[in-house]
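With the sequences and hints as input, model every part of the structure.
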Amino acid sequence: MKSISILFLLAAFSLQAAVASAEMASIKIVSPAESQRIEVGEESRLVYEVTPGPGGDHFHVWVDGQRGPGVHDSKGVYTLPKFRFGEHDITIKVVDKGHVPTGPQQSIKLYAQ
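Using our numbering, you'd call the opening residue of the sequence shown number 28 and step up by one each time.
Keep in mind that the hints were calculated from the coordinates and are not lab data.
In silico DSS-like cross-links for lysine-lysine, where the CA-CA straight-line distance does not exceed 27 Å:
1) LYS109 <-> LYS136
2) LYS136 <-> LYS55
3) LYS55 <-> LYS109
4) LYS124 <-> LYS102
5) LYS136 <-> LYS102
6) LYS124 <-> LYS55
7) LYS102 <-> LYS55
Laid out in structure tokens, this is it:
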């Protein structure tokens, strides 16, 4: 019975630590705004603020399912590719040193016209 109580306490502590870790990580896409319209063929800038949190080492920007290079700066500007006409998905994913997503991510859609 005592070992069950200890296991329960360990499980509860682990869950609390996982929740606290996830809360420390954050991603904010400052601009462009969700559903913003951009010009076809023009360069656009992604302004971001990222706190990787425990387990996170850096992040990648995904454009239409294609992963860009790793970024280690917590605040800055990322140059997006020139877009063709239509809808485009932009996602920031926090990853560990092995490039495995650690959970935090944020996405927006852009419309090139």
